[in-house]
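Guided by the hints, dock chains W and H onto chain Z, whose structure is given.
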Amino acid sequence: MIAEVPNVTLPRLFQISRAVKETHDTFTFELKPLDGGEFTFKPGQFNMVYQFGVGEIPVSISGDPLKKTSIIHTIRAVGGVTKAMRKLKKGDVLGIRGPYGTDWPVLRASGHDVAIVAGGIGLAPLRPVIYHVLANREKYGKVILLYGSRTPLDILFMKEIEKWRARLDTEVAVTVDRASGAWRGNVGVVTTLISKAHFDPAKTMAMVCGPEIMMRFTVQEFITRGVLKDKIYMSMERNMKCAVGFCGHCQWGSNFICKDGPVFRYDTIHDLLMQREM
Amino acid sequence: MENLESVLKEHAFLSDFPDELLPVIVGCASNVRYDTEQFIFHESEEAKKVYLIRAGKVAVEIFVPGRGHVVIETLEAGDVLGWSWLVPPYYWHFDARVVEPTRAIALDGECLRKKCEENHEMGYQLLKRFFTVLSSRLQATRLQLMDVYGAKADW
Amino acid sequence: MRHFVPGNDKIVIDSKELQKLFDVLLRHGYTTIGPTLKDQAIILDEISSTDQLPAGWTDEQAGGTYRLNKRNDDAWFGYVITPTSWKPYLHSPAAKFWSAKRNGRGFDVEEDKKEPAKFAFIGVRACELHAIAIQDKVFYGKEFQDSAYVQKRERAFIVAVNCSVAGHNCFCTSMETGPRVTGHFDIALTEIIDGEHHYFVAETGTDIGAEILREVSITPATEEQVQQAEKVVVKTESQITKLLDTTDLKNMLARNLENRIWDTIGKRCLSCANCTMVCPTCFCTNVEDVTDLSGDHAERWRKWDSCFTVRFSYIHGGSIRNSTKSRYRQWMTHKLSSWVDQFGTFGCTGCGRCITWCPVGIDLTEEAAAIRQGEKHVAVDDEL
Numbered sequence: 001m002i003a004e005v006p007n008v009t010l011p012r013l014f015q016i017s018r019a020v021k022e023t024h025d026t027f028t029f030e031l032k033p034l035d036g037g038e039f040t041f042k043p044g045q046f047n048m049v050y051q052f053g054v055g056e057i058p059v060s061i062s063g064d065p066l067k068k069t070s071i072i073h074t075i076r077a078v079g080g081v082t083k084a085m086r087k088l089k090k091g092d093v094l095g096i097r098g099p100y101g102t103d104w105p106v107l108r109a110s111g112h113d114v115a116i117v118a119g120g121i122g123l124a125p126l127r128p129v130i131y132h133v134l135a136n137r138e139k140y141g142k143v144i145l146l147y148g149s150r151t152p153l154d155i156l157f158m159k160e161i162e163k164w165r166a167r168l169d170t171e172v173a174v175t176v177d178r179a180s181g182a183w184r185g186n187v188g189v190v191t192t193l194i195s196k197a198h199f200d201p202a203k204t205m206a207m208v209c210g211p212e213i214m215m216r217f218t219v220q221e222f223i224t225r226g227v228l229k230d231k232i233y234m235s236m237e238r239n240m241k242c243a244v245g246f247c248g249h250c251q252w253g254s255n256f257i258c259k260d261g262p263v264f265r266y267d268t269i270h271d272l273l274m275q276r277e278m
Numbered sequence: 279m280e281n282l283e284s285v286l287k288e289h290a291f292l293s294d295f296p297d298e299l300l301p302v303i304v305g306c307a308s309n310v311r312y313d314t315e316q317f318i319f320h321e322s323e324e325a326k327k328v329y330l331i332r333a334g335k336v337a338v339e340i341f342v343p344g345r346g347h348v349v350i351e352t353l354e355a356g357d358v359l360g361w362s363w364l365v366p367p368y369y370w371h372f373d374a375r376v377v378e379p380t381r382a383i384a385l386d387g388e389c390l391r392k393k394c395e396e397n398h399e400m401g402y403q404l405l406k407r408f409f410t411v412l413s414s415r416l417q418a419t420r421l422q423l424m425d426v427y428g429a430k431a432d433w
Numbered sequence: 434m435r436h437f438v439p440g441n442d443k444i445v446i447d448s449k450e451l452q453k454l455f456d457v458l459l460r461h462g463y464t465t466i467g468p469t470l471k472d473q474a475i476i477l478d479e480i481s482s483t484d485q486l487p488a489g490w491t492d493e494q495a496g497g498t499y500r501l502n503k504r505n506d507d508a509w510f511g512y513v514i515t516p517t518s519w520k521p522y523l524h525s526p527a528a529k530f531w532s533a534k535r536n537g538r539g540f541d542v543e544e545d546k547k548e549p550a551k552f553a554f555i556g557v558r559a560c561e562l563h564a565i566a567i568q569d570k571v572f573y574g575k576e577f578q579d580s581a582y583v584q585k586r587e588r589a590f591i592v593a594v595n596c597s598v599a600g601h602n603c604f605c606t607s608m609e610t611g612p613r614v615t616g617h618f619d620i621a622l623t624e625i626i627d628g629e630h631h632y633f634v635a636e637t638g639t640d641i642g643a644e645i646l647r648e649v650s651i652t653p654a655t656e657e658q659v660q661q662a663e664k665v666v667v668k669t670e671s672q673i674t675k676l677l678d679t680t681d682l683k684n685m686l687a688r689n690l691e692n693r694i695w696d697t698i699g700k701r702c703l704s705c706a707n708c709t710m711v712c713p714t715c716f717c718t719n720v721e722d723v724t725d726l727s728g729d730h731a732e733r734w735r736k737w738d739s740c741f742t743v744r745f746s747y748i749h750g751g752s753i754r755n756s757t758k759s760r761y762r763q764w765m766t767h768k769l770s771s772w773v774d775q776f777g778t779f780g781c782t783g784c785g786r787c788i789t790w791c792p793v794g795i796d797l798t799e800e801a802a803a804i805r806q807g808e809k810h811v812a813v814d815d816e817l
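The listed protein sequences correspond, in order, to chains Z, W and H. Using the working numbering, the first residue of the first sequence is number 1, and each one after it goes up by one. Using the working numbering, the first residue of the second sequence is number 279, and each one after it goes up by one. Using the working numbering, the first residue of the third sequence is number 434, and each one after it goes up by one.
Isolated chain Z, as found in the complex (with noise of 0.2 Å):
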């Protein structure tokens, strides 16, 4: 007899049960499964997400991986699919496929400080980091955020941002990359953030989110710190069409990143992140 193998390019239906826009380009969905069942990830994990009769794209979830009746999706809006996404409402319907890909080292983090570093659309996928160690505080040395952006405006979730640097058992530094007089905060890149951190070099687990240089930047800062290589990841990105690694499109070097990654440890991608063109 031959086994029936499932589809697993079909995807699960889900309702937009609340759209939010966070800045002028970048918009978050609540997404509620139609079929009332349960969603479940691991923080750094992504969706594919489709729109009906525009295409599918790939979104890292960053909502709390606790709340299992919904899922978090902040998208940006700078391709087709995501500007046509951008004007979805409450009560439209998207479909998913997911959650795919490999997840932020939380548990092997557990006993370590923690420095997050995110720049851009890159803080999405690290929330639900932040919600993971925040909700297992006790299990973490420091907790250090620090976030980057090209301006004020492009700042996300800039009042949980707020209230996470309310806390006293945080340390979170926002900086822009460019800035008027009126605003009050840092301006300068974010890797200058690292320097002046307040982490134990030598029991610190670093994860890096956002444009790839940005990235490299940043690891360069940690290993000027005294990181160990094998305790820094970074998510990477390239295009994927399938997400379960029978499209080659994602393929580096030897690896696709939708199953292998896009969360890699940095000892493992460094000779493949200093080759152009791959």
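Keep in mind the hints are simulated off the structure, nothing from the lab. Please note that the accuracy of each hint is not assured.
As the list claims (entries may be wrong) - In silico DSSO-like links for lysine-lysine, alpha-carbon gap of 27 Å or less:
hint	chain 1	residue 1	chain 2	residue 2
1	H	534	Z	87
2	H	503	H	471
3	Z	89	H	471
What the hints assert, rightly or not - Label-pair distances were calculated between CB atoms; the ranges are:
hint	chain 1	residue 1	chain 2	residue 2	range
4	Z	84	W	408	51 to 57 Å
5	Z	275	W	397	47 to 53 Å
6	H	527	Z	230	40 to 46 Å
7	Z	267	H	573	42 to 48 Å
A virtual CB, placed ideally from N, CA and C, is assigned to each residue, including glycine.
Just chains W and H, lined up with the frame of chain Z:
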């Protein structure tokens, strides 16, 4: 004076500075304090001092007609503000505006230059530290120039 | 996939009896695919009779060259290899996965459920059996399986035929994939023309293969016939001249990503993607979402894609592999280096199709050798 010396020794910029040379620097130092929105210096003024920031926040900025104040970078405790005192003809190229009440040790530029000429070991020790600061500022500026977040993809 | 259990007994099938094999397979519900003469080439197509086999024809292949020649006998499988492989039958160039209909503010998804094709492949070469086994590793993933592929693969019946002639571009001996058929088949045949006597020596590799063969012939092959069959393969093996040195090949390429040879290839390569289309192991696809004009009906399709296109590596802001050089490097290092990390085997079977069908005749065996040679030169330069 002894108090000033220990303050200088604590500052990140001079943390591993040779003990025997510190008194030379103390001779050029004074303790300064600025309030919010005060300008520490303005573009095109004579660059008389360098500031080792102990607390607060200072914006290095430039006024652009039509755009107002454009902030290049902000500096905080542990940072060094100003190197125009080292480069003839010693004029500031930017404005330094206080964003949060700031305390700093100001070192007199002319005094430092004189001491460096007299004592090249001291000059080398000082320039070595300034070069490190300059290099990291240049790298940060290059990264800033790339405008990396402008081209970030959609997930 | 079926378990490979080589049968002990070799069976002989007279050429006049081989039609029975088609008949039996057809009776069992298979669509029989085999070589036939069409468009001045020996191609694979749906055939149901031995009359449709390319009797008396062979092919001559070289870098950027393919032409048919008349043989001096009437052999049915006396050709090297077909331009395209069996890949399109198992891994469709275009496949519809599902369709969706608008329903208010939402939509309903309907899986494209049709009975998967049940193919019998007749005339699969040793290198091609390996190619299928390589694609099996891709689509029978550890976590996910590709249903479109697996459904057809599970049903496919494979009749292998040992090569009786090798071409200029064959290098299966280097890749250890041929010319001798050694596994992954249901039935394997060796074609023998001994004067007036035209017959096949058959062996089985699976239970179902044995079952089908029993309906075709139960005549045991004589010791002499078995030896004749052995001679065919030995002769073919001796014809193979092209070599690819696989010594440390995976690591050698991995440490030569900046070798200057890539620039030279980049200037020759037209980025036409022919090599990826004819390659029996290339599996890359694009996912396409299409809608009708009303906007009420949408479909999800999967189509073959190629790493030689610029948009293949596109992410917002631009393509990762912009230069031709980087795209050729991606293809070749995938075949001969990173594939080993990913799937434990080379992604190349030595079939030579990419050499034959390259419009400018780029030969990956020569390029691999040049890179290896270039590496030595760099070492010498360092010593000066």
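So, going through the hints one by one against the coordinates:
no.: 1; hint: 534(H) <-> 87(Z); verdict: holds (20 Å)
no.: 2; hint: 503(H) <-> 471(H); verdict: holds (14 Å)
no.: 3; hint: 89(Z) <-> 471(H); verdict: violated (56 Å)
no.: 4; hint: 84(Z) <-> 408(W): 51 to 57 Å; verdict: holds (52 Å)
no.: 5; hint: 275(Z) <-> 397(W): 47 to 53 Å; verdict: holds (48 Å)
no.: 6; hint: 527(H) <-> 230(Z): 40 to 46 Å; verdict: holds (44 Å)
no.: 7; hint: 267(Z) <-> 573(H): 42 to 48 Å; verdict: violated (31 Å)
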